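Engineer: Taken in sequence, the protein lines are chains A and B. Residues 17 to 223, numbered by my numbering, are exactly what the first sequence covers, in order. Residues 17 to 223, numbered by my numbering, are exactly what the second sequence covers, in order.
Watch out, some of these pointers could steer you wrong.
The list cannot tell twin chains apart, which means a pair is met if one copy fits it or any two copies do.
Below are the DSS-like pairs computed for lysine-lysine, each with C-alpha atoms no more than 27 angstroms apart in a straight line [as the list claims (entries may be wrong)]:
| id | residue 1 | residue 2 |
| --- | --- | --- |
| 1 | Lys-206 | Lys-152 |
| 2 | Lys-37 | Lys-159 |
| 3 | Lys-35 | Lys-204 |
| 4 | Lys-46 | Lys-94 |
| 5 | Lys-206 | Lys-130 |
| 6 | Lys-43 | Lys-206 |
| 7 | Lys-43 | Lys-57 |
| 8 | Lys-204 | Lys-131 |
| 9 | Lys-94 | Lys-57 |
| 10 | Lys-94 | Lys-204 |
| 11 | Lys-109 | Lys-206 |
| 12 | Lys-152 | Lys-128 |
Simulated from the structure, these hints should not be mistaken for laboratory data. Keep in mind the model is a prediction, meaning the values are calculated, not measured.
Protein chains: 2
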Amino acid sequence: MINKKMGNKEFNFEERLIKSKEVFRGKLLKLTVSEVKLPDKNVTEREVVSHPGAVAIVPMTSHNEVVMVRQYRFAVGKHTLELPAGTLEEGEKPIICAKRELEEEIQVRANKWKKLISIYPSPGYCNEIIHIYLAKELEDLSKAGNKGENFKDVQNNIKNIRKSQVKVKKSEKDEFINRVIIPLKEVKDKILNGEIMDAKTIVGITI
Amino acid sequence: MINKKMGNKEFNFEERLIKSKEVFRGKLLKLTVSEVKLPDKNVTEREVVSHPGAVAIVPMTSHNEVVMVRQYRFAVGKHTLELPAGTLEEGEKPIICAKRELEEEIQVRANKWKKLISIYPSPGYCNEIIHIYLAKELEDLSKAGNKGENFKDVQNNIKNIRKSQVKVKKSEKDEFINRVIIPLKEVKDKILNGEIMDAKTIVGITI
Chain A
17 MINKKMGNKE FNFEERLIKS KEVFRGKLLK LTVSEVKLPD KNVTEREVVS HPGAVAIVPM
77 TSHNEVVMVR QYRFAVGKHT LELPAGTLEE GEKPIICAKR ELEEEIQVRA NKWKKLISIY
137 PSPGYCNEII HIYLAKELED LSKAGNKGEN FKDVQNNIKN IRKSQVKVKK SEKDEFINRV
197 IIPLKEVKDK ILNGEIMDAK TIVGITI
Chain B
17 MINKKMGNKE FNFEERLIKS KEVFRGKLLK LTVSEVKLPD KNVTEREVVS HPGAVAIVPM
77 TSHNEVVMVR QYRFAVGKHT LELPAGTLEE GEKPIICAKR ELEEEIQVRA NKWKKLISIY
137 PSPGYCNEII HIYLAKELED LSKAGNKGEN FKDVQNNIKN IRKSQVKVKK SEKDEFINRV
197 IIPLKEVKDK ILNGEIMDAK TIVGITI
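With the sequences and hints as input, model every part of the structure.
Structural biologist: Right under this line is the structure:
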């Protein structure tokens with residue numbers, strides 16, 4: 017196997033599954049330990065986290081601002097500033113999930129959508145794929161019930177970022193989120209100065 | 017808690033640990049389920065993957081090419097093209113790990129190092145942090161034993177990417193890696209056309 021070349025002259029290092037054991041199944045994650053055969057016929061174990069997949073959205077206002085979320089991330093023990101994002105429900109198409117999450121998580125509806133990229137956050141040990149979308153022509157559903165209000169109008173009335181904050185507790189979910197609107201230039205500064213460290217957010221903004 | 021404002025007028029959504037249970041401990045990963053108290057005093061569970069942390073390196077030749085690795089990733093079931101990277105050993109400083117991994121993984125030594133950024137690949141459920149470095153003034157240790165050879169000289173002798181491939185089996189590790197040298201412009205094209213999907217690689221190249 018190790019010396020077999022592919023049509024494109026690249027080596028094939030595929031690892032063949034021998035057997036697999038599920039060691040944990042939780043609400044979000046599943047963890048499996050698999051015995052695999054390596055290209056040199058030796059055997060090793062791979063620990064794999066299974067995740068349903070996710071979406072992230074870059075919601076851009078007509079003023080070149082990004083609607084982001086500030087939330088507490090228990091796994092890293094701090095508040096983070098990230099793009100709105102969410103986990104795919106079973107069988108859910110990514111674009112449908114993105115539209116749903118934008119409404120549920122930050123109470124925004126977008127009329128223009130564009131797929132940017134799909135990424136693997138941790139291909140070494142996790143099968144999660146994150147689909148990232150650009151969303152434009154935003155309506156703010158947090159005003160006036162569900163009627164919607166053009167973001168441009170909302171923004172003309174606000175003096176600074178802080179006043180645009182909306183605190184959201186997602187219904188039936190254990191997520192507490194602080195919606196913030198930040199000029200794209202400032203978001204880029206926050207990436208360079210280390211305030212934003214979330215991979216999907218950095219990819220969505222810099223791609 | 018939910019209405020308490022911080023000094024900077026941002027909401028504090030911190031989640032307090034009540035109790036924690038380790039449900040898996042493997043060679044690489046640990047998985048813990050923690051009971052936490054939410055800002056509204058309700059209680060929920062957080063599934064957290066613990067990872068030792070990692071480094072990734074952008075090794076740039078004097079010809080504006082990137083030395084990358086092609087390998088099979090069992091977790092996502094395919095060969096990927098990524099920056100050289102590796103896991104921190106216990107107590108190891110990231111820059112030391114980066115230098116070690118560059119030599120071990122792709123047999124390259126760099127004389128100029130610069131920290132680019134640190135990222136969380138999956139802050140929603142994993143504590144892994146990846147430190148990304150730019151490495152320049154490269155020496156190719158795969159030639160002439162450990163004496164080293166300037167990459168510029170090596171490259172003057174090669175006709176195309178394929179000839180620069182070195183197949184490496186990392187000693188005492190179960191990793192099979194194919195070293196490839198690709199012009200930066202081509203790497204960026206491969207990100208945009210979806211061939212490169214690894215988050216740390218995209219961040220290291222586009223930042």
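Engineer: Next step is simple, just say for each hint if it's right about the structure.
Structural biologist: Against the structure, the hints:
1. In this assembly of identical chains, Lys-206 and Lys-152 lie within 27 angstroms of each other by CA distance both inside one copy and across copies; the values are 22 angstroms within and 26 angstroms between.
2. Taking the shortest alpha-carbon separations for Lys-37 and Lys-159, neither the intra-copy value of 49 angstroms nor the inter-copy value of 42 angstroms comes in at or below 27 angstroms.
3. Taking identical chains as interchangeable, the C-alpha atoms of Lys-35 and Lys-204 are never at most 27 angstroms apart, the minima being 45 angstroms within one chain and 37 angstroms between chains.
4. In the homo-oligomer, the alpha carbons of Lys-46 and Lys-94 lie at most 27 angstroms apart both inside one protomer (24 angstroms) and across protomers (20 angstroms), since each shortest distance falls under that limit.
5. Both within a single protomer and between protomers do Lys-206 and Lys-130 lie at most 27 angstroms apart by alpha-carbon distance, with minima of 24 angstroms and 19 angstroms respectively.
6. Taking identical chains as interchangeable, the C-alpha atoms of Lys-43 and Lys-206 are never at most 27 angstroms apart, the minima being 32 angstroms within one chain and 35 angstroms between chains.
7. Taking the shortest Cα distances, Lys-43 and Lys-57 sit within 27 angstroms of each other only across copies (20 angstroms), while inside one copy they are farther apart (36 angstroms).
8. Within a single copy, Lys-204 and Lys-131 get their C-alpha atoms as close as 20 angstroms, and across copies as close as 17 angstroms, so both meet the 27 angstroms cut-off.
9. Taking the shortest alpha-carbon separations for Lys-94 and Lys-57, only the inter-copy value of 18 angstroms comes in at or below 27 angstroms, while the best intra-copy value is 44 angstroms.
10. Taking the shortest Cα distances, Lys-94 and Lys-204 sit within 27 angstroms of each other inside one copy (20 angstroms), while across copies they are farther apart (32 angstroms).
11. In the homo-oligomer, the alpha carbons of Lys-109 and Lys-206 lie at most 27 angstroms apart only across protomers (25 angstroms), although the nearest pairing inside one protomer, at 31 angstroms, exceeds that limit.
12. With identical chains, the CA atoms of Lys-152 and Lys-128 are at most 27 angstroms apart within one copy only, with a shortest distance of 5 angstroms there and 42 angstroms across copies.
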